[in-house]
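There are 4 protein chains.
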Amino acid sequence: MFIHKLKVRYAETDAMGVAHHSSFFLWMESARVDYLDKNGYPYSTMEEEGFYLPVVEVTCRYLLPVKFNEELSVSLKIQKLTAVSVKIGYEIFNSKGNVVCRASTLHPVVTKEGKIVRMPQKMKDLFLKDLKENL
Amino acid sequence: MFIHKLKVRYAETDAMGVAHHSSFFLWMESARVDYLDKNGYPYSTMEEEGFYLPVVEVTCRYLLPVKFNEELSVSLKIQKLTAVSVKIGYEIFNSKGNVVCRASTLHPVVTKEGKIVRMPQKMKDLFLKDLKENL
Amino acid sequence: MFIHKLKVRYAETDAMGVAHHSSFFLWMESARVDYLDKNGYPYSTMEEEGFYLPVVEVTCRYLLPVKFNEELSVSLKIQKLTAVSVKIGYEIFNSKGNVVCRASTLHPVVTKEGKIVRMPQKMKDLFLKDLKENL
Amino acid sequence: MFIHKLKVRYAETDAMGVAHHSSFFLWMESARVDYLDKNGYPYSTMEEEGFYLPVVEVTCRYLLPVKFNEELSVSLKIQKLTAVSVKIGYEIFNSKGNVVCRASTLHPVVTKEGKIVRMPQKMKDLFLKDLKENL
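Sequence lines, in order, name chains Z, L, H and R. Note that the numbering used here has the first sequence beginning at 1, numbered continuously upward. Note that the numbering used here has the second sequence beginning at 136, numbered continuously upward. Note that the numbering used here has the third sequence beginning at 271, numbered continuously upward. Note that the numbering used here has the fourth sequence beginning at 406, numbered continuously upward.
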């Protein structure tokens, strides 16, 4: 399971004194980017090759508030793979090991013009490998 | 049905040239705040009275990309009401009247300390009225 | 003097209970965009014509904190105009009429590739008119 | 000289394909927080002791655009110290070692109520040490 670590920024908190619910989506995005980097297929390379993975659906359940400067671990795993899309699942843990949020994002593979296309083999292989490990 | 209007900010776009998926949550929040203002129970009053409506669950489906400076209409309606929580549904429309996103947020009523409490009558009445209108 | 109105979003506050200092730059940007819209030369038109006004310098003095949902008025005026750049000044007022911030942004005129070019006549005329009114 | 490293997030870019000018302030804030952490006086400890360092003035010159996922180094040094405030200077470098931005932030020491107070000795010592090293 892939883990991305980060610290909650002050700007990500709100007047309730905890991280704003929209911040979690920035962290999951950072985790995706980091995951692709570490697996040798950076998002920027993907874009140069003409493929994009926009977000078309998200779900998120917030279980515990998180504070400024807390160290969080975003775990990420491939939940579902089709010929043209990937669904990614996330659990975010605080430093005590408690789950603070469970979430998912769905991404079709599209061209720069937004046309849905078949996932390139390199991408498929990467996600398949992860999918198998999680079985 | 309540409608909140806004324009997409430049800062809300990303390198794909369209609004970032996290921006939609800021717009829905603005719509909620506007809704409570227009219905005579501002969020700030609610907080002064010791009640908070944190976001504990969200879902969002993105149907169309939106560009910088597009005028959007966020429609909001009460979807479900319990003694201690409210679920709100949203549809965001672009200026051509197309739905760009469908979403929901779930909010328990909590105290400043985060304890879940019964919804105050004033809040219940407001949401109930809306819920009935949507039947 | 041009005035752009807005309300402070919850997401723009931080754990100190007031708007985060970076939020002010989003508001000034909205004011610039609104100013160009209202003066018949929308930023999107400008971009379609191949001209961009990136921010290359900012200054900002924060005089008073602003709270969630406060209504603010961003006043904007052209401070300095050269053949290739424009400097814009801002004062942001709260609903009591107090200045909460004084700021400036400097913008060269550039092409999509980032090359500095002479300001197109239409843009110059717009800014000159405003500059004269402020004398 | 203190260095804080980070990678540009996708959400921090805008439709021009580069990082939005407001993002730089988030990075400088992260650098300040990291600086205080590494020097044994975390911002959260400071807040618990009743001291805050709000931003009351910023300047920033943007020299080079930065792209998504670029690795940046934020260098930070104490520029000026008074009995009640600190001015911090920043240079942000890209991975080629080029300066992408030069900036400063000014912070008075205030109580939770916003009253300006003398800097606590621990904080003064920390900043003084850094100030001397930079001479």
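Don't read these hints as lab results, they were simulated from the structure. Glycine is no exception: its CB is placed at the ideal position from the N, C-alpha and C atoms. Check each hint, because a few of them may be wrong.
[To be verified] Within a straight-line C-alpha distance of at most 20 Å, the following computed DMTMM-like cross-link-like pairs (lysine to aspartate or glutamate) qualify:
id	chain 1	residue 1	chain 2	residue 2
1	L	K202	H	E403
2	Z	K5	R	E518
3	R	K412	Z	E47
4	H	K357	R	D442
[Claimed, not checked] If you want the ones that stay clear, here's a sample from chain H, every Cβ over 10 Å from chain L, calculated:
id	residue
5	A281
6	F295
7	V303
[As the list claims (entries may be wrong)] Only part of the chain Z face toward chain H is listed, based on derived beta-carbon distances under 8 Å:
id	residue
8	Y10
9	D14
10	G17
11	P65
12	F68
13	S73
14	S75
15	T111
16	G114
For this session: Starting from the hint list further up, note which numbers the structure goes against and sort them upward.
Result: 1, 2, 4, 5, 6, 7, 11, 13, 14, 15, 16
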